[in-house]
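Protein chains in written order, with this note's numbering: chain A, 269 to 562; chain B, 9 to 295; chain C, 133 to 491.
To be clear, the hints were calculated from the coordinates, so they are not data collected in a lab. Some hints here could point you the wrong way.
Derived pair list, reagent style DSS-like, types lysine-lysine, alpha-carbon separation capped at 30 angstroms [to be verified]:
1) 138(C) - 163(B)
2) 129(B) - 395(C)
3) 364(C) - 549(A)
4) 297(C) - 145(B)
5) 145(B) - 233(B)
6) 556(A) - 258(C)
7) 138(C) - 160(B)
Next come the chains, spelled out residue by residue.
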Amino acid sequence: MDFLFNLVNGLSLGSIYAIIALGYTMVYGIAKMLNFAHGDVIMVGAYISFCAFQYWGLPPLPSVLAAMIFCTVLGVFIERLAYRPLRSATSLAVLITAIGMSYLLQNVALLIFKSDPKNYPGQIIDLPGLSLFGGQLKISGVTLLTIIANIVIMILLTLFINRTKLGKAMRCVSEDRGAAELMGISVNRTISVTFAIGSALAAIAGVLLCSAYPIFDPYTGSMPGIKAFTAAVFGGIGSIPGAMVGGLLLGVIEILGRAYISTQLADAIVFAVLIIVLLVKPSGLLGKQVREKV
Amino acid sequence: MTEARKHRSETKMVPVPSHSIVPERDVNEIPVLETRHLGIEFGGLKAVDDFNLTIGRTEIAGLIGPNGAGKTTVFNLLTKVYEPTSGAVLLNGQDLHGMTIVQASKLGIARTFQNIRLFDKMTVEENVRIGLHNQIKYDMLSGILRLPRYWKQEKRQHERAMELLDIFGMQDLADEVSGSLPYGAQRRLEIVRALATDPRLLLLDEPAAGMNPHETEELMENIAKIRDQFQIAILLIEHDMSLVMGVCEGICVLNFGRVIAKGTADEIQANPDVIEAYLGKKKEGGK
Amino acid sequence: MKAKKKKLIYNSVTFGLVIAAFLICQLLLSTGGMSRSFRGQLIPICCWIVMAVSLNLVVGISGELSLGHAGFMSIGAFTGIIVSGWMQRAFQMEDPVLRLVLAMVIGAVLAGIAGALIGIPVLRLKGDYLAIVTLAFGEIIRNLIDCLYVSVDGQSLRFGFLNNKLPGDLLMNGPNGAVSVQTIATFTAGFVLVIIALIIVLNLTNSRSGRAIQAIRDARIAAESVGINVTKYRMMAFVTSAMLAGAAGALYGLNFSTLVAAKFRFDQSINVLVFVVLGGIGNTMGSMIAATALTILPETLRDFGQYRMLAYAVVLILVMLATNNPLARAFFGRIFAPVKALFRRKKPAEPDLKGGDAK
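Taking the hints into account, I'd like the entire structure generated from these sequences.
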């Protein structure tokens, strides 16, 4: 029963990683850049929903919506301001800019909200838990919602990518930016849409993350961001199902590692698994192997 | 008639048991290259299939064929960029099976690239020195501590690099950044770099691409000169027929990954299959 | 011999700058003309210079993106602390110079071994995958050090993993890190280390091995086709870099009385990468200057109080935009053209971050 409990919790944490990883993987697939600031957008999402609920007195759902809208605008704004001017620059230059953006978000949050940790209100996601096997297995409402949210997001996103014109445009840009442009697809607009979706998802992830682990501060996004990025690479960066699989596996490994091996070594275990996977499959679980043309 | 042309017309080509021809002067020696039923598949597609070719010790051979025929793939198989899915490559009688690019290079195969691959942030001389990597050596520690061996070997590298650059009269370009050279000079530098590895067989992938007729003429003479001076074999891929017909002794024609003809320039020009697959097409479209 | 001469001038200027900066600092130290906070920065600056110069060997010269450099630094730091503490407590070796040298050498060797162990599997990967795996290794190293307990019991060292019940004097206390470290690091040692790092990196770059490393960076297949063993030379750059980071770590660790592994999180690796990129990728002198300037900058921004790190982030983004956006480059190019023309004949191009170095 313990194992089942841990497994469910692992799936829940993994779902959060998967939702964040989607943002990384989509941006990587389409803009070919590692958006290091993505993790901090999660933190912004958490703060906005927190403020909306606590200070502005909005009900839970509009609070979450407010966070999503704010993060969407923020994501598009960041891309427009900092990344678009560097479209032709080296990937390392873009990476450093993204790191700068990450510092910027953290420090703005630090200025506004100060460094002392806040307690995320549990009422934002206030759902009844589930009690199975005669009360032996208790699953909280947040855990359930997280897992369900992840599944819904996956389905919607897959439909969006495969069925809509915009989704098709995204796939085109990801495959060959130059050719897409020649076909009349606006690369800039497609990349903006990608950032918008990724950031909105980050806001959701922020709400879910802080509902599950309520203590948060301006650095909250950093570590889950890195883990989710790891998950994206793990599953094969650029691949949407890869982000899902990578995120879930990473979450489960982390929670099971914490429970059965060692709490202190949980991070090491997660990263060790990543390394082993990449050594066996150098482009991740579901990534495509690209042969260098000679 | 240029020197190169004259050379070609004097060569007598003789058949060898593997259904190839080699120059008569090379017939008693182990061929520098022999491929046996060489083939590679990419996801079910046979990019090269049943490729058999024998090249004599000092032969200048040509590999021609329409675009996408698999010529560069053959080069990649010979230099071990790809491991063949069938058949064998023998360099000086030695099977290259399972070897790496580096091992093949050490056994005496060198190449240039269709899309130039120079070390373009480095100078011309440094490019040649990198070609000399396995010829004039010293270890990392001598380099860091600037031991006497460093100074001695650096001097030898410099002198040898200058000698090699002299083949194309490029000595005065030695300090230029290679990426800033004109196109033709970059192609020539790639040849010099390949020669620096002291090869037995030199593979040239479209050496005349982007050159004007005058440069091509000069290149043709230089190819013959390199063979005479270094006594090595040269296999070249080229679309410029004046160069191929002018300098190559044996020619192999590839279409859809298969050999459709082998022979001397005159035989190839008269071969109806070749005309249909390659020359004929070109006449229709081009001239 | 234009190219050769240019290189000679570049190297002389690089060494000259370091020696001049060292002499000026010594002068200021002896006349008491240096503020306390700046004095405390001298040794860390040396460490970060060595970190930047060594990471530049991997990122700039060898062309691999590594995000785990702080991991090697932490191995060097804690090894140095253990070696120094052990020598002092178990063998009554009181001579700080000898202990410092020993700590730095052993720190470098252990970091180098870790570099080799990590490099064997990791260097098969390319680009962003290599980056994420090095980041993962850095985090694993930090995590493992967090679980490590070390004590001196009589003459022997006792190690405990996740087990703090060790007899004797505790040197490392798990997540609480190293405790009561005797600070034996000196500015002179830092200066010597910087010079050694520069000699190694600059001489390596201008040698057969260094050319092979750069050849792999510029055109891997072409390098292989002239017979260069790619794995060997990528490894050479990676391990050399790890060793230098280890030595810098030992110096850094012995500069503070306490040290926790959390100090070497991935953001520290990223900071070093920022030095390398801002200094101009592949430009050793640039790495050095950027490391100096960016270590001093947050200190000089102290007046801004809480806006300090915010300003740092903004400066970072603006500099990246100004140096990498084609329009901005053209714009700044026109502004600085007369300045550049002035310097062209005297020195190779220097990033404008130079100012901080001579302070």
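Each hint, compared with the structure:
1. 138(C) - 163(B): It holds: about 18 angstroms lies between the C-alpha atoms, which stays within 30 angstroms.
2. 129(B) - 395(C): Status violated; Cα separation ~37 angstroms.
3. 364(C) - 549(A): 22 angstroms, holds
4. 297(C) - 145(B): 54 angstroms, violated
5. 145(B) - 233(B): At roughly 28 angstroms apart (the allowed maximum being 30 angstroms), residue 233(B) and residue 145(B) satisfy the hint.
6. 556(A) - 258(C): Holds - the C-alpha atoms of residue 258(C) and residue 556(A) are around 14 angstroms apart, at most 30 angstroms.
7. 138(C) - 160(B): 22 angstroms, holds
Of the numbered hints listed earlier, those contradicted by the structure are 2, 4.
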